[in-house]
Amino acid sequence: MIRRAFIKTAGSMVAGLGLMATGIRCQNSKRHLKEFGIQLYTVRNEMADKPIDTLQALRDMGYNHVESAGYHNRLFYGMDARQWRKLLDDTGLKMYSGHIDIGYGQADDSFNMQHNWEQVCEDASIAGQKYIVSGWLPKEVRESTDQYHKLAELFNHCGEIASQFGLQLCHHNHHYEFQPLEGIVPFEILADQTDPQLLKFELDHYWVHYAGFDYKPLLTRYVERFPLFHIKDMGEGIEHPFTEVGTGVINWSEVFSLGLKNGLQYFYVEQDDPNNHPPLESARISINYLKALTF
Numbered sequence: 029m030i031r032r033a034f035i036k037t038a039g040s041m042v043a044g045l046g047l048m049a050t051g052i053r054c055q056n057s058k059r060h061l062k063e064f065g066i067q068l069y070t071v072r073n074e075m076a077d078k079p080i081d082t083l084q085a086l087r088d089m090g091y092n093h094v095e096s097a098g099y100h101n102r103l104f105y106g107m108d109a110r111q112w113r114k115l116l117d118d119t120g121l122k123m124y125s126g127h128i129d130i131g132y133g134q135a136d137d138s139f140n141m142q143h144n145w146e147q148v149c150e151d152a153s154i155a156g157q158k159y160i161v162s163g164w165l166p167k168e169v170r171e172s173t174d175q176y177h178k179l180a181e182l183f184n185h186c187g188e189i190a191s192q193f194g195l196q197l198c199h200h201n202h203h204y205e206f207q208p209l210e211g212i213v214p215f216e217i218l219a220d221q222t223d224p225q226l227l228k229f230e231l232d233h234y235w236v237h238y239a240g241f242d243y244k245p246l247l248t249r250y251v252e253r254f255p256l257f258h259i260k261d262m263g264e265g266i267e268h269p270f271t272e273v274g275t276g277v278i279n280w281s282e283v284f285s286l287g288l289k290n291g292l293q294y295f296y297v298e299q300d301d302p303n304n305h306p307p308l309e310s311a312r313i314s315i316n317y318l319k320a321l322t323f
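Going by the working numbering, the first residue of the sequence shown is number 29, and it counts up by one from there.
No lab work stands behind these hints: they were computed from the structure.
Only a predicted model underlies this, so the values are computations on that prediction, with no experimental measurement involved.
Just so it is clear, CB atoms sit at the ideal spot from N, CA and C, and this is done for glycine as well.
Derived lysine-lysine pairs resembling DSSO-like cross-links, with alpha carbons at most 27 Å apart:
1. Lys158 with Lys319
2. Lys178 with Lys167
3. Lys244 with Lys58
4. Lys319 with Lys289
5. Lys319 with Lys244
6. Lys122 with Lys62
7. Lys114 with Lys62
8. Lys158 with Lys289
9. Lys178 with Lys158
10. Lys289 with Lys244
11. Lys78 with Lys122
12. Lys244 with Lys62
13. Lys158 with Lys244
14. Lys158 with Lys114
15. Lys289 with Lys62
16. Lys158 with Lys62
17. Lys58 with Lys319
18. Lys62 with Lys319
19. Lys319 with Lys122
20. Lys122 with Lys289
Label pairs and their in silico Cβ distance ranges:
21. Glu309 with Ile154: 28 to 34 Å
22. Lys62 with Glu282: 16 to 22 Å
23. Tyr132 with Gly265: 28 to 34 Å
24. Met107 with Glu168: 27 to 33 Å
25. Asp301 with Gln84: 20 to 26 Å
Turn these sequences into a full structure, and let the hints guide you.
Put into structure tokens, the structure is as follows:
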């Protein structure tokens with residue numbers, strides 16, 4: 029009995045540690061989120077005008093970490109990596125993930141996946157990132173399955189270099205990765221033709237829902253390849269508007285339950301275009317919903 033009780037207790041402790049690492053707390057058999065991230069694209073204009081005030085406002089709402097969408101020419105929102113890291117530290121925020129550009133059609137002296145990639149990875153490491161994320165694919169590089177195969181080669185190459193800086197390369201989806209092309213779902217090319225250790229994915233739930241694709245089989249087919257989620261809700265209506273988390277049609281209790289079973293580490297609230305409220309108020313509405321969410 030003592031041995032069984034010990035095993036049961038130890039197992040609960042290990043499980044608890046895993047949940048804590050993912051920003052979850054348990055209370056009365058219900059799970060609650062306890063750490064909250066936000067993709068700064070949601071407040072991009074505010075970040076351009078008043079980055080210090082904007083970060084402080086997000087921290088005051090309860091956000092613990094951010095994901096950048098403003099890295100250009102080795103600068104995060106006009107600051108080099110060390111200046112940016114200091115601002116985050118001073119504000120009490122972490123940045124575990126940041127978006128970068130694939131670099132299609134850009135000059136040799138630009139900084140992206142195709143040009144000066146080592147310097148991009150160095151900056152991400154200085155900023156405190158664990159993940160470095162390809163944010164989107166220009167139309168010119170996704171018009172055929174052959175192009176997706178070439179993208180897979182690029183992801184493998186860049187993922188290997190990123191790993192040398194202690195970073196995990198990820199790709200953030202939109203709808204087009206899940207729309208059949210030449211009889212094939214492009215996402216499957218990216219997932220099947222890349223090394224699972226060199227490329228993982230940031231699953232954007234709005235866009236996979238927009239594509240009419242069921243995300244649930246993805247999590248079990250590609251186990252441990254979705255460490256990051258974008259928590260972005262879809263409003264009702266034929267135009268599928270972006271809306272605050274919890275005010276749309278996506279079942280977030282299900283999303284988090286399945287995500288945690290399949291390797292979710294961090295999530296980021298995002299609303300591309302706040303339609304009903306100023307961006308900071310949209311961010312507040314979303315986090316307040318998530319604070320109250322149980323699953």
